[in-house]
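J.: So the chains spell out like this:
There are 2 protein chains.
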Amino acid sequence: MSPKITVELLRQLRQAMRNGKCIAEPIQAYIIPSGDAHQSEYIAPCDCRREFICGFNGSAGTAIVTEQHAALWTDGRYFLQASQQMDNNWTLMKMGLKETLSQEDWLISILPENSKVGVDPWIIAADQWKNMSKALSSAGHSLVAVQANLIDAIWEDRPARPNTKLIALGLKYTGLTWQDKITALRGKMAERKISWFVVTALDEIAWLFNLRGSDIEYNPVFFAYAIIGISSIKLFVDSKRLVDPAIRQHLELDSPSKPDLTVQCFPYESVFSELNAVCAALAPKDKMWICDKASCALTQVIPKAHRAAIPYTPLCLAKAVKNPTEIQGMKMAHIKDAVALCELFAWLEKEIPKGTVTEISAADKAEELRSQQKDFVGLSFPTISSVGPNGAIIHYRPLPETNRTLSLNEVYLIDSGAQYRDGTTDVTRTVHFGTPSDYEKECFTYVLKGHIAVSAAVFPNGTKGHLLDSFARAALWDSGLDYLHGTGHGVGCFLNVHEGPCGISYKTFADEPLEAGMIVSDEPGYYEDGSFGIRLENVVLVVPAKTKYNYRNRGSLTFEPLTLVPIQLKMINTDLLTQKERDWVNDYHRKCLETIGAEMERQGRKEALDWLIRETQPIV
Amino acid sequence: MSPKITVELLRQLRQAMRNGKCIAEPIQAYIIPSGDAHQSEYIAPCDCRREFICGFNGSAGTAIVTEQHAALWTDGRYFLQASQQMDNNWTLMKMGLKETLSQEDWLISILPENSKVGVDPWIIAADQWKNMSKALSSAGHSLVAVQANLIDAIWEDRPARPNTKLIALGLKYTGLTWQDKITALRGKMAERKISWFVVTALDEIAWLFNLRGSDIEYNPVFFAYAIIGISSIKLFVDSKRLVDPAIRQHLELDSPSKPDLTVQCFPYESVFSELNAVCAALAPKDKMWICDKASCALTQVIPKAHRAAIPYTPLCLAKAVKNPTEIQGMKMAHIKDAVALCELFAWLEKEIPKGTVTEISAADKAEELRSQQKDFVGLSFPTISSVGPNGAIIHYRPLPETNRTLSLNEVYLIDSGAQYRDGTTDVTRTVHFGTPSDYEKECFTYVLKGHIAVSAAVFPNGTKGHLLDSFARAALWDSGLDYLHGTGHGVGCFLNVHEGPCGISYKTFADEPLEAGMIVSDEPGYYEDGSFGIRLENVVLVVPAKTKYNYRNRGSLTFEPLTLVPIQLKMINTDLLTQKERDWVNDYHRKCLETIGAEMERQGRKEALDWLIRETQPIV
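Line by line, the protein sequences give chains L and H. For the first sequence, this note's numbering assigns the number 1 to the initial residue and increments by one for each residue that follows. For the second sequence, this note's numbering assigns the number 1 to the initial residue and increments by one for each residue that follows.
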């Protein structure tokens with residue numbers, strides 16, 4: 001991986017920062033967040049401004065350019081990758097390390113007095129704007145909204161915004177009509193005396209209207225906004241997308257069944273002016289919900305007296321708690337996905353000794369096998385297919401220049417998943433096709449112990465995910481080891497593979513209590529820079545737990561694995577497992593064999609079944 | 001325990017809320033927090049306003065009185081106690097339960113439009129003022145500062161503010177002179193470009209000046225403020241206290257060694273006017289530190305442009321990380337304390353069968369035995385001596401009307417501690433003098449497993465205490481049990497038994513990373529309302545841990561128990577322990593025997609030694 005050469009780009013950007021054509025008055029620093037106008041985690045190529053300016057293409061990171069400096073903040077998953085993708089014009093700011101300055105503190109430490117720091121108000125979230133603005137003001141600087149994006153101004157061949165075909169999902173997949181969802185949402189609004197709700201997150205809009213698109217790779221969403229009132233529904237989406245009769249019928253555009261369930265459609269770009277119009281007509285007591293992670297630009301349209309900023313929206317929570325149809329779909333998706341992944345491992349075992357399988361070809365094979373499964377739509381994120389030292393790059397993606405050959409001598413880590421019409425998958429397995437070293441096995445076993453500790457945890461209703469995070473680390477910590485990422489994230493149902501508002505992380509940010517029906521990942525790891533990476537990830541469903549007692553009738557919860565792919569026994573040092581942990585592994589493998597074995601038989605995949613039977617033998 | 005009759009008091013308070021003599025304009029609600037003007041947890045009798053108005057005398061709680069309603073918010077430790085101490089004019093608001101409204105939401109739900117809510121600005125912390133004020137404003141109400149306290153206005157026989165003799169602590173106890181501490185503090189101020197620091201917490205002032213008092217029962221502090229500048233030291237304390245030559249010499253009042261280490265003394269009450277004067281003379285760039293938990297009244301004296309509000313002060317952190325002299329003192333205090341407590345248990349065993357020992361007489365005996373130990377000053381909190389169902393009242397304090405007799409049939413819980421000149425102790429043991437039931441043993445053993453899980457935890461440098469809280473609960477959670485309080489709090493050195501900024505709790509509020517030298521408690525519990533209470537508490541020291549590996553050279557930490565009192569084996573169901581847990585118990589008991597046994601021999605306490613030898617037999 002060779003770094004992007006950024007000398008010329010930085011020169012142009014700095015010129016734009018001083019230039020009267022681009023900007024009302026010169027700014028001394030410009031912030032380039034990684035998001036789009038919807039604060040999406042995965043973004044369309046036209047929105048990859050941070051990557052364009054610095055070269056780093058991980059999913060999280062913020063660049064700041066001043067007259068003299070250029071720095072990029074990212075988290076532990078990306079330290080290695082960012083240092084390889086950026087040239088020496090850039091300083092890597094490693095978030096989460098004690099010595100690393102925050103963006104605010106760094107700016108304050110280097111800016112001349114009374115500096116102006118610019119940012120595109122559509123790209124920065126309202127809460128980030130507020131924090132940054134406050135910190136800068138307290139040091140005598142100011143944060144200013146730069147309406148024309150300065151990266152766009154210097155980006156000559158910037159791609160166009162995508163505008164893909166929409167698909168409508170029926171009850172068979174969603175369990176609820178969009179009308180039911182709107183009615184439930186209005187119930188929540190009435191409870192809190194809210195008259196309007198501005199929806200800006202793309203996955204919330206897709207979920208609410210039971211629509212999907214493919215504007216952003218891996219995420220079946222489409223560029224849109226929605227403004228939901230107590231008796232009106234405004235959808236902002238390119239009108240070409242609404243020509244399709246199936247979509248018109250789904251949204252009842254031509255014959256609405258009820259006046260308050262009539263969808264009014266507006267062009268995507270008109271959200272600003274239309275929101276202005278709605279705000280101008282507000283009654284004195286009207287309150288409008290908007291997520292505090294929505295763009296600063298849109299948030300500031302709503303007068304403060306009417307604005308009820310919330311850390312996450314009721315749609316975000318409703319979407320996180322899957323209904324029975326969605327749970328059934330997620331289970332089915334994971335069964336199909338497991339068939340494909342088991343086939344991959346059986347195939348790799350045969351092919352690797354020939355020396356022809358690479359990280360890229362293995363990832364391609366995984367995609368090919370998944371695509372044979374029913375209702376396959378695409379991948380849910382770029383496959384992390386990594387051999388040996390590449391495995392230590394937490395969010396590695398194989399490129400021709402980094403591509404290693406799979407062998408009998410190195411650990412192989414594959415973190416992959418797919419979108420099916422019935423659900424989204426995300427699974428990581430770490431395997432060795434020869435003989436792993438004692439150290440590799442030891443580390444793998446600590447990671448496995450952490451994975452089991454979370455998966456088998458029983459905890460009271462109302463517990464937040466961050467209280468489970470240390471369970472995943474205890475075995476590693478005991479030996480002085482750790483990993484620098486959270487343990488789990490929410491997973492959408494034929495939606496984004498990362499979603500809020502719940503998760504399992506040492507970070508306590510926006511962490512809503514776990515509830516039965518939520519679906520999260522359980523993915524501890526261990527990474528030895530330059531040698532190998534280990535991660536073990538299942539997607540798990542929050543389910544009620546039966547306990548001996550029931551303190552204050554609170555009830556208890558636990559997890560049920562949806563991912564059913566064998567964990568390689570060869571990597572486990574069974575001496576390090578307790579009897580309970582051995583039982584967990586054997587129970588898990590029995591379930592893999594029963595459920596996935598039955599599906600393989602149904603699909604007539606004999607070779608994979610033989611592999612599955614062998615890989616699910618009990619530990620004694 | 002019979003509830004306080006509050007009809008007449010509430011009538012008078014409501015009259016004062018409307019009365020032009022007490023207040024500029026009528027208020028519709030009055031908030032009575034539990035603190036004093038220093039936001040102390042334990043308070044002097046003259047400051048027990050919340051207890052005066054509602055009867056509930058626990059250490060945490062806020063009362064709010066409106067024209068029609070009166071409600072008290074407190075946490076899980078106090079649900080039972082508060083419900084017993086308050087009459088039916090009061091509604092108990094159980095904090096931490098999902099269905100309980102916050103104070104703000106409750107006020108908004110019941111107040112008429114455009115209400116005024118009053119509070120004494122000296123008693124409410126600045127951060128609480130801010131949150132409350134914001135929430136009320138957003139609903140059309142306002143929070144107003146009522147300068148004359150309305151409780152004081154109706155409290156006829158309110159006690160005077162205490163003014164006890166000060167004692168100066170020498171280097172032997174403190175390890176650092178107050179001059180060293182001021183110099184270190186100024187170093188921190190210079191690092192952050194801070195010119196002034198307003199110290200309002202009583203334990204911070206006592207620690208900084210190496211002085212102690214006894215103004216507040218159990219807490220060796222004295223009423224004072226301090227304003228520390230880069231070259232000046234202003235101490236606000238009653239002048240009568242400065243007559244003592246030992247104190248004059250300690251503070252070098254008559255012959256300061258250096259100009260910038262000269263202590264200027266002012267009357268306690270003049271802090272407001274003197275702070276005003278300091279603020280009037282500030283240079284444009286001067287910044288002043290004040291804790292965001294300091295009183296709203298004092299905080300608002302500092303102009304916003306000069307105010308640097310911090311969640312905890314550098315003194316709070318410096319005080320939390322004990323120096324070698326303080327650690328040595330804390331160890332010695334815990335050894336002496338253990339001798340006294342072992343003697344108590346040996347005595348109880350003999351006396352209980354006679355049927356004459358009560359909760360109160362056992363607590364008195366514990367105090368008597370502690371008072372025989374060197375450098376004993378007093379108790380560090382009211383002894384919780386509780387039998388059977390009283391044990392389920394988490395912060396129970398035996399009173400004549402609740403006093404139960406210790407017997408061979410019920411569980412006995414004693415949570416007690418003392419102040420010695422060299423350190424502060426806090427220990428809980430739960431024992432049975434007859435035969436505990438299987439269920440009592442089972443619950444005790446889960447609590448013990450939690451205690452061990454925390455005490456033996458190994459975790460990376462920089463870990464916050466809240467990430468360890470679930471370790472204490474996992475065994476209880478597995479069986480559907482839990483406890484509604486945090487697992488541990490910071491402990492002062494001959495200072496407050498509860499101190500910040502670290503702790504071990506599911507609440508993440510103001511939780512600074514654990515560091516070697518910090519001292520916290522480890523005290524999981526289980527409480528069965530109406531039956532029994534179990535808690536097992538050691539004070540533990542954060543120490544570096546030796547680990548097999550050392551990921552990214554971060555280093556690891558663990559805990560060393562300072563409390564060395566046997567854990568009653570009779571209460572343990574050893575079948576529920578793992579081999580590691582059994583080893584922990586045996587190692588702990590070996591250390592108790594060695595360390596406390598040696599001290600008992602030195603003190604010639606033969607009977608207690610026999611008891612100790614018997615109680616520390618290894619589990620096989």
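Treat the hints as calculated values from the structure; they're not laboratory data. A couple of the hints might just be wrong.
Remember, identical chains collapse to one label, so a pair may be satisfied in a single copy or spanning two.
What the hints assert, rightly or not - List of simulated lysine to aspartate or glutamate pairs, EDC-like, C-alpha gap at most 16 Å: (1) K570 to E367; (2) K285 to E113; (3) K548 to E528; (4) K188 to E594; (5) K116 to D105; (6) K580 to D478; (7) K116 to E25; (8) K546 to D478; (9) K365 to E594; (10) K570 to E349; (11) K240 to D364; (12) K350 to D610; (13) K98 to E515; (14) K548 to D478; (15) K193 to D105; (16) K134 to E217; (17) K548 to E442; (18) K606 to E442; (19) K181 to E252; (20) K350 to E252; (21) K546 to E351; (22) K548 to D438; (23) K548 to D364.
J.: Each of the hints needs a verdict: does it hold here or not?
T.: Against the structure, the hints:
1. Proximity of K570 to E367 under the C-alpha cut-off of 16 Å is found in neither arrangement, the shortest distances being 25 Å within a copy and 60 Å between copies.
2. In this assembly of identical chains, K285 and E113 lie within 16 Å of each other by CA distance solely across copies; the values are 12 Å between and 42 Å within a copy.
3. Taking the closest pair of Cα atoms, K548 and E528 come within 16 Å of each other only across two copies (15 Å); inside a single copy the shortest separation is 41 Å, beyond that limit.
4. Proximity of K188 and E594 under a CA criterion of 16 Å is satisfied in neither setting, with 42 Å inside one chain copy and 63 Å between copies.
5. Proximity of K116 and D105 under a CA criterion of 16 Å is satisfied intra-copy only: 15 Å inside one chain copy versus 39 Å between copies.
6. For the identical chains of this complex, K580 and D478 are inter-copy neighbours only, at 13 Å across copies versus 19 Å inside a copy, given an alpha-carbon limit of 16 Å.
7. Taking the closest pair of Cα atoms, K116 and E25 come within 16 Å of each other only inside a single copy of the chain (9 Å); across copies the shortest separation is 45 Å, beyond that limit.
8. Taking identical chains as interchangeable, the C-alpha atoms of K546 and D478 lie at most 16 Å apart only when they sit on different chains, with a minimum of 9 Å there against 30 Å within one chain.
9. Neither within a single protomer nor between protomers do K365 and E594 lie at most 16 Å apart by alpha-carbon distance, with minima of 25 Å and 65 Å respectively.
10. Taking the shortest alpha-carbon separations for K570 and E349, only the intra-copy value of 13 Å comes in at or below 16 Å, while the best inter-copy value is 56 Å.
11. In this assembly of identical chains, K240 and D364 lie within 16 Å of each other by CA distance neither inside one copy nor across copies; the values are 33 Å within and 84 Å between.
12. In this assembly of identical chains, K350 and D610 lie within 16 Å of each other by CA distance solely inside one copy; the values are 13 Å within and 70 Å between copies.
13. Taking the shortest Cα distances, K98 and E515 sit within 16 Å of each other only across copies (13 Å), while inside one copy they are farther apart (33 Å).
14. Taking the closest pair of Cα atoms, K548 and D478 come within 16 Å of each other only across two copies (8 Å); inside a single copy the shortest separation is 30 Å, beyond that limit.
15. For the homomeric pair K193 and D105, the shortest alpha-carbon distance between copies (13 Å) is at most 16 Å, but the shortest distance inside one copy (39 Å) is not.
16. Taking the shortest alpha-carbon separations for K134 and E217, neither the intra-copy value of 35 Å nor the inter-copy value of 42 Å comes in at or below 16 Å.
17. With identical chains, the CA atoms of K548 and E442 are at most 16 Å apart between copies only, with a shortest distance of 12 Å across copies and 34 Å within one.
18. For the identical chains of this complex, K606 and E442 are neighbours neither inside a copy (33 Å) nor across copies (50 Å), given an alpha-carbon limit of 16 Å.
19. Taking CA atoms no more than 16 Å apart as the test, K181 paired with E252 passes inside one copy only; the shortest distance there is 15 Å, against 73 Å between copies.
20. In this assembly of identical chains, the alpha carbons of K350 and E252 never lie at most 16 Å apart, being 53 Å within a copy and 84 Å across copies at closest.
21. Proximity of K546 and E351 under a CA criterion of 16 Å is satisfied in neither setting, with 45 Å inside one chain copy and 44 Å between copies.
22. Taking the closest pair of Cα atoms, K548 and D438 come within 16 Å of each other only across two copies (14 Å); inside a single copy the shortest separation is 39 Å, beyond that limit.
23. In this homomeric assembly, K548 and D364 never come within 16 Å of each other (Cα to Cα): the closest approach is 48 Å inside a single copy and 39 Å across copies.
Violated hints, listed in ascending order, are 1, 4, 9, 11, 16, 18, 20, 21, 23; each of the other numbered hints is respected by the structure.
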